[in-house]
Amino acid sequence: MSIIADHLSYIYSAGTAYEVKALNDVSFKIEDGEYVGLLGHTGSGKSTLVQVLDGLLKASEGTVYVDGEDIFDKDYPLKSLRSKVGIVFQYPEYQLFEADVFSDVCFGPANLGLERSEVELRAYEALKQVGLRDEAFYQSPFDLSGGEKRRVAIAGVLAMKPKVLILDEPTAGLDPAGRKWILELVARLRKENGMTIILVSHSMDDLAENAERLMVMDKGHIAMDGRPKEVFRYHKELFEMGLDIPEVVKVLYMLRENGVNVNTDAITVREAAEEIRKAIRPA
Amino acid sequence: MFGTDRTEEQKLSPKVTDEGNMLRDITLGQYYPADSVIHKLDPRVKITGTFLYIISLFLVRDIWGYAVALAFLASMIFISKVPVSYMVRGLKGILFILLFTAAFNIFFTPGEVIWSFWKIHATREGLRIAIRMVIRLIFLVMGTSIMTLTTTPNQLTDGLEKVLRPLRHIGVPVHEVAMMMSIALSFIPILIEELDKIMKAQSARGADFESKKLSVRMKSMVPVLVPLFVSAFRRAGDLANAMEARCYHGGEGRTRMKPLRYVKRDLLAYLILLIYLALVILAGILF
Ligand SMILES: Nc1ncnc2c1ncn2[C@@H]1O[C@H](COP(=O)(O)OP(=O)(O)OP(=O)(O)O)[C@@H](O)[C@H]1O
Ligand SMILES: [Mg+2]
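Quick mapping for you: the protein sequence lines, in order, are chains A and B.
Its first residue numbered 1, the first sequence is counted upward by one per residue in the working numbering.
Its first residue numbered 284, the second sequence is counted upward by one per residue in the working numbering.
If you are wondering where the hints come from, they were derived from the structure by calculation, not from laboratory data.
Remember, predicted model here, so these are calculated numbers, not experimental data.
Hints are supplied without guarantee of correctness; some may be wrong.
What the hints assert, rightly or not - Derived DSS-like pairs: lysine-lysine, alpha-carbon spacing no greater than 30 Å straight-line: (1) Lys29(A) to Lys229(A); (2) Lys375(B) to Lys58(A); (3) Lys58(A) to Lys480(B); (4) Lys495(B) to Lys161(A).
My request is simple: use the sequences and hints to build the entire structure.
Have a look at this one:
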C-alpha cells in the first residue's frame, strides 16, 4: 500500500486574520512496508501532515494517492480509507467513551459495517496484541491507568486492521518503560503484520533505532528525507531547526572532533560501542 | 526546547476552526487583532459607548436620526480596521430573527392594506415599522460586534467588572461573576479545539458525522460528547486546583496586574460619544 503526497499545501483558517500556512508544497512517496519516522520542531506541521494523509483535513492544494487512488476525489469512498490507513492521535486515551473497554475497541470495526462476530473477534485480537490484562476487558476505560488507557486506544485503531499505521507522538507523557513498550509494539506490528508505519516524534532517540527512513519537517515543508545515518550527518542543520541527534551519535562526533578516528555512522548504542572499540583498539 | 507543548498563550488564542466545521460561525468573543484606535481604547469606554449607542437607536424616530446612527457606525467600522465581512458574519446568526420580526410587523400591524393574499394583509404602517425594526436590529448587532471584535474577552470582563462595580453595594458578587465569565470565555476556544480533535479521532475510527440520516448523526454525537465532557471536567478540576494552589480567595483585597486607567484618547472618545448623542437628539427635535 503505497502513499504518495503530491505537492500538498494546507492553510488553517484560510481567508481570516488567523491564517497559518501549516504545510507548504510537500511531496514524497512511502512504499509498502516502510517504517518512516517523521520529525520536526513543535509547530512544524507534522500533525497537520498526517491528518491530511488520512483524509481528515482536505489539502488546500495538491493531493494524496493511497494505492494509486486520489483520496480527495469526490467519488473516493473515505470509508474504505479508514480500513487502509489507521491513525493514533496524540494522547489517544482522551477519545475513549464507551461503558467498557471491549465495546470501545469494537467501535471502529463496527463502523466498517462488519459482522458482529467478526467485530468481536478483531476487538479481542487487538486487545491481546496490545497486551492488556484480561480482567480489564470489561472494566470502564475511565478506571484504567494512563498507560492502559493508551493501550486500549491503540487497540481501538488496530481492530480496524489498517495496512498503514500512523502514530502521532505515541510516546508523549509515558515513562521509559511505557515508551519502550510502544516502540516494541510498533516494531512487532510491522514485522508480523507487514504494516507500513509512519511514526511522528520529537525524539531522535525514539526513531534512530527503529525507523529506516527519516523525514524532517521544518516550517511546513520536508527539509530532509533519508536514512537515519545520512540525516544525522547534518547535525548542525538539525540543530538550527531546533532538533537534536541521538546522544550516542553526539558522542561519536565529539570523539571525532577530539581526534579519535571513529566511524560516525553508528546509530544504536551497541553499534556505537563497537565503533568506539574498533577506533581505540583496532583488530 | 524539546517536547514542549504549545504555550498557554497560543492555546488561549481564539481559532477559527476548519472548513466543514459547524463551529465556524460563532463570532461571539472572536477578537480580530488589528492596530487601531478603537482596539486601544479602554474597555470601559467601549462598553459604555456600545450601551449608549443601543439606547440612541431607540431614541431615533426619523430618517435623519438613522442617517446619524449609520454615519457613526460606518465611521467606527472604518476606524476599527476590522473588515466589514466580519461584521456581516455576525448578522447571519440573527437572520431568522430579522425575517421573523419583519414578517410579524408587516402582517400584523393594523392599517392601510397595500397587499393581501387569502387572509393575510400587509399594511403600509406595518411595512414602515418592519423596516425600522430591521434597521435597528442590524445596527444593534453590528454596533455590539465592533466591541467584541476589537476587545479581547479578558479586557471585556475587566471592563465589565469595573463598570458594574457599584452593584457590589446591593450584594451582587461582581468580581466572582466577572471571573466566571472570563474563565468561561477562555474555555470556549479550548473546548472548540478539543471538540475538533475528538471529532477527527472518532472519524478516523469510522464515525459518520455527515450522514443524511438524523438518527445516525445523533448517535454519532455520543462518542464525541462523552470525551468532551470528561475532558471539560478534568480541565475544570485542574484549573480549580491551580487557582487554589495560588491562594485564590475571591475578590476581596485583590489588585490588578494591569489596572485600567483612562488616558487622553479615552476622554476624547467620551466626548465624541456625547456629541453623537446630542446629534441624534437634535435630529429628533429639528426635523
Ligand atoms: N486547528 C488549528 N487552527 C489553526 N492553526 C493550527 C491548528 N492546528 C495547528 N495549527 C497551526 O499549524 C501549524 C502546524 O501545527 P501542527 O500541529 O501540524 O504542528 P506539529 O508539528 O504537529 O507540532 P507539535 O510537535 O507541537 O505537535 C502550527 O503553527 C499551529 O499553530
Ligand atoms: Mg503535533
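Going down the list of hints, with the structure as the test:
{"no.": "1", "hint": "Lys29(A) to Lys229(A)", "verdict": "20 Å, holds"}
{"no.": "2", "hint": "Lys375(B) to Lys58(A)", "verdict": "25 Å, holds"}
{"no.": "3", "hint": "Lys58(A) to Lys480(B)", "verdict": "15 Å, holds"}
{"no.": "4", "hint": "Lys495(B) to Lys161(A)", "verdict": "27 Å, holds"}
Violated hints for the displayed structure: none, as all numbered hints are satisfied.
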